[in-house]
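Listed here are the chains, written in short residue letters.
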Amino acid sequence: MAVLEVENLKTYYYLGKESVKAVDGVSFKIEAKETLGLAGESGCGKTTTAYSIMRLLPENGQIVQGTIRLGNEEITALSEEEMRHIRWRKASIVFQYAMNAFNPVLRIGAQIVEVIREKEGVSKEEARATVSDLFDEVGLEPKRQRDYPHEFSGGMLQRAIIAQSLACDPMLVIADEPVTALDVIVQNKILDLLRKLQEKYELAVLFITHDLSVVAENCHNVGIMYAGNLVEVGSAEAVFKHNLHPYTSKLIGAFPSVVGEKTRLQFIPGAPPNLLNPPVGCRFHPRCPYAQDICKEKEPVYREINQGHYAKCHFAGELSFEVIE
Amino acid sequence: MTSVEPILEVRNLKKWFPVRSGLLSFMEEKRYVKAVDDVSFDVPRGGSIAIAGESGCGKTTLARTILRLIEPTSGSAYFEGVNIFDLTREELRLLRLKMQLIFQNPYEVLDPRLTIETLVGEGLTIHKIEENEAELRRRVLAALEDVRLMPAEDFARRYTHELSGGQLQRVAIARSLILEPNLIIADEPVSMLDASIRTEIMNLMEDLQEEHGLTYIFITHDLAQARYIGDYIVIMYLGRVLETGPMEEVIMDPLHPYTKALVSNIPIPDPTHKRDRIMLPGETPTPIDLPPGCRFKPRCQEFGPQCKAEEPELVEVKPGRFVACYF
Numbered sequence: 001m002a003v004l005e006v007e008n009l010k011t012y013y014y015l016g017k018e019s020v021k022a023v024d025g026v027s028f029k030i031e032a033k034e035t036l037g038l039a040g041e042s043g044c045g046k047t048t049t050a051y052s053i054m055r056l057l058p059e060n061g062q063i064v065q066g067t068i069r070l071g072n073e074e075i076t077a078l079s080e081e082e083m084r085h086i087r088w089r090k091a092s093i094v095f096q097y098a099m100n101a102f103n104p105v106l107r108i109g110a111q112i113v114e115v116i117r118e119k120e121g122v123s124k125e126e127a128r129a130t131v132s133d134l135f136d137e138v139g140l141e142p143k144r145q146r147d148y149p150h151e152f153s154g155g156m157l158q159r160a161i162i163a164q165s166l167a168c169d170p171m172l173v174i175a176d177e178p179v180t181a182l183d184v185i186v187q188n189k190i191l192d193l194l195r196k197l198q199e200k201y202e203l204a205v206l207f208i209t210h211d212l213s214v215v216a217e218n219c220h221n222v223g224i225m226y227a228g229n230l231v232e233v234g235s236a237e238a239v240f241k242h243n244l245h246p247y248t249s250k251l252i253g254a255f256p257s258v259v260g261e262k263t264r265l266q267f268i269p270g271a272p273p274n275l276l277n278p279p280v281g282c283r284f285h286p287r288c289p290y291a292q293d294i295c296k297e298k299e300p301v302y303r304e305i306n307q308g309h310y311a312k313c314h315f316a317g318e319l320s321f322e323v324i325e
Numbered sequence: 001m002t003s004v005e006p007i008l009e010v011r012n013l014k015k016w017f018p019v020r021s022g023l024l025s026f027m028e029e030k031r032y033v034k035a036v037d038d039v040s041f042d043v044p045r046g047g048s049i050a051i052a053g054e055s056g057c058g059k060t061t062l063a064r065t066i067l068r069l070i071e072p073t074s075g076s077a078y079f080e081g082v083n084i085f086d087l088t089r090e091e092l093r094l095l096r097l098k099m100q101l102i103f104q105n106p107y108e109v110l111d112p113r114l115t116i117e118t119l120v121g122e123g124l125t126i127h128k129i130e131e132n133e134a135e136l137r138r139r140v141l142a143a144l145e146d147v148r149l150m151p152a153e154d155f156a157r158r159y160t161h162e163l164s165g166g167q168l169q170r171v172a173i174a175r176s177l178i179l180e181p182n183l184i185i186a187d188e189p190v191s192m193l194d195a196s197i198r199t200e201i202m203n204l205m206e207d208l209q210e211e212h213g214l215t216y217i218f219i220t221h222d223l224a225q226a227r228y229i230g231d232y233i234v235i236m237y238l239g240r241v242l243e244t245g246p247m248e249e250v251i252m253d254p255l256h257p258y259t260k261a262l263v264s265n266i267p268i269p270d271p272t273h274k275r276d277r278i279m280l281p282g283e284t285p286t287p288i289d290l291p292p293g294c295r296f297k298p299r300c301q302e303f304g305p306q307c308k309a310e311e312p313e314l315v316e317v318k319p320g321r322f323v324a325c326y327f
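Chains as they are written, first to last, in our numbering: chain A, 1 to 325; chain B, 1 to 327.
What the hints contain is simulated information worked out from the structure, not anything from laboratory work. C-beta: ideal position from N, C-alpha, C; glycine also. Treat the hints loosely; a few may be bogus.
What the hints assert, rightly or not - Calculated from the model, a selection of chain A residues having no Cβ within reach of chain B, i.e. all distances over 12 angstroms:
# : residue
1 : Glu5
2 : Tyr13
3 : Ala32
4 : Leu106
5 : Arg146
6 : Lys200
7 : Glu297
As the list claims (entries may be wrong) - List time: in silico PhoX-like cross-link candidates among lysine-lysine, alpha-carbon distance up to 25 angstroms:
#  : chain 1 : residue 1 : chain 2 : residue 2
8  : A       : Lys262    : B       : Lys274
9  : A       : Lys262    : B       : Lys318
10 : B       : Lys274    : A       : Lys241
11 : B       : Lys274    : A       : Lys33
12 : A       : Lys196    : A       : Lys33
13 : B       : Lys260    : A       : Lys262
14 : A       : Lys241    : A       : Lys29
15 : A       : Lys200    : A       : Lys119
16 : A       : Lys196    : B       : Lys274
17 : B       : Lys274    : A       : Lys200
Isolated chain A (complex conformation) (with noise of 0.2 angstroms):
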């Protein structure tokens, strides 16, 4: 069965009168042991869809509809005081920002034993304890635990967000661009940490990324996402390399990468939507060079077109784009 289970999830934010359509008519699920990576260019609504799993949307956000099943339960209709008990113990996030994720007054440790007690109910040694023996496996010395976020580099406070992620043994962890301000080669330690946790621990993973060539080495699966639809999801070599839908297409061929003949990059005109006022029809169809007068109308419908590899497209499966090798 799967971990996490979103389907047809809206959540749009309101400003007066009108409202931000930041996530509208998504669905995907994540299975144990398994990574998504959910990506996109910034406004897309990838962390709207992660913050609506959370429950942390700002004041104005609100899911308006959709349903989220994390493990058999339904969560989008729980109170507040329920999620309370569903947040670190049975779904956590690995925030982007570690510098910004820690109380800069309080002890690292100090802040994980917080977290430790208030869910768990155990006792100071004990939740110290545990504190020790998830830095031993996130590559800390335990003995860090005294130090003060300033004293961490980077990457290891990177590491000490996932300890603490990890401190209630949840079943999903989201991690929203968990290292997208950190140097590759640290950047890399801290992805196969992750994956090594992962498989341990059997978490389902949601990865939130910008940056498809992360995605393409670290997730299972993929899903794109644009102006807040998910427009194509599958295994990430069908989405790589054989895509449905012309914007996996153009991104993909926006990305520059180190190895293989050097091309000129491809990028896309024009800029996405706004999502106050999204474009009727397709939302990618005043960017798209293969639209038709069907694309302005009407909507296309998410439907699989091959076995686990979804896309969002009327002609998705009857273009053909360049390869890409």
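Given the coordinates of chain A, assemble chain B onto it according to the supplied hints.
Using the frame of chain A, we list chain B on its own:
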């Protein structure tokens, strides 16, 4: 390094920042952060050179020192044969017209209360180059067209909040371009932008280089990006140049152990491509009180006894390829 006459020659440039460690620090020996430590390279006219390295390697300090936004500790930088560090304030002002800087974040550079027309024309007005209003306007519109912001009249009237990130970065480029510079130093010009827009700016800069005969210095942390914007690369680590050479050669066949590790760690947008990564132990230390010898030695896997004794010089190991390593 190349046969073309260089537009900029940087020689033994050093920028050390003193560290104050406490109340009695004046009694102790002075300590320094050696942000840029003995860096030399040439920039060929009409070329584009990428300075790459991880955060804290001194690449931005290097750029700022070359523009003399901060004073160097020692060394020299010859721009078209003139040492930048010997110039008076007035001479420097004129020189800066020829050397322009483009920053990472256009939102922070452009004043939100001014129209695009004022912003782009600002350089000409401030330096009193163009005082005829009609002519000023004509040049602003031409600059906007150069960066493909069309219709230019329409964009000229707007304010920054009406433009997207990519368009703002074009405005920033137009601002530099209008002064007809010879050299543009771009500090992470596309790092803030999304992939689909990033390429557009990179391609634009490449086109402008040909159209206006520009020379570029790109500062970047992303080697994959560097590959597409530079034809020459300088790899920095802790304030020092470890390797330089033609871009494709360095990326395809890195010689310094640090470059090898760096290249092997860059993610590739292809899930079926598998390769071996070189893992470096530890993290980049702070450039204070570095041990004698090669500064990469503590993390290096191929070192020998001489690495501990003396810092290796940058030497030519293959035609055009310079590496600071004994092996």
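* Asked: Which of the stated hints cannot be reconciled with the structure, identified by number in ascending sequence?
  -> none
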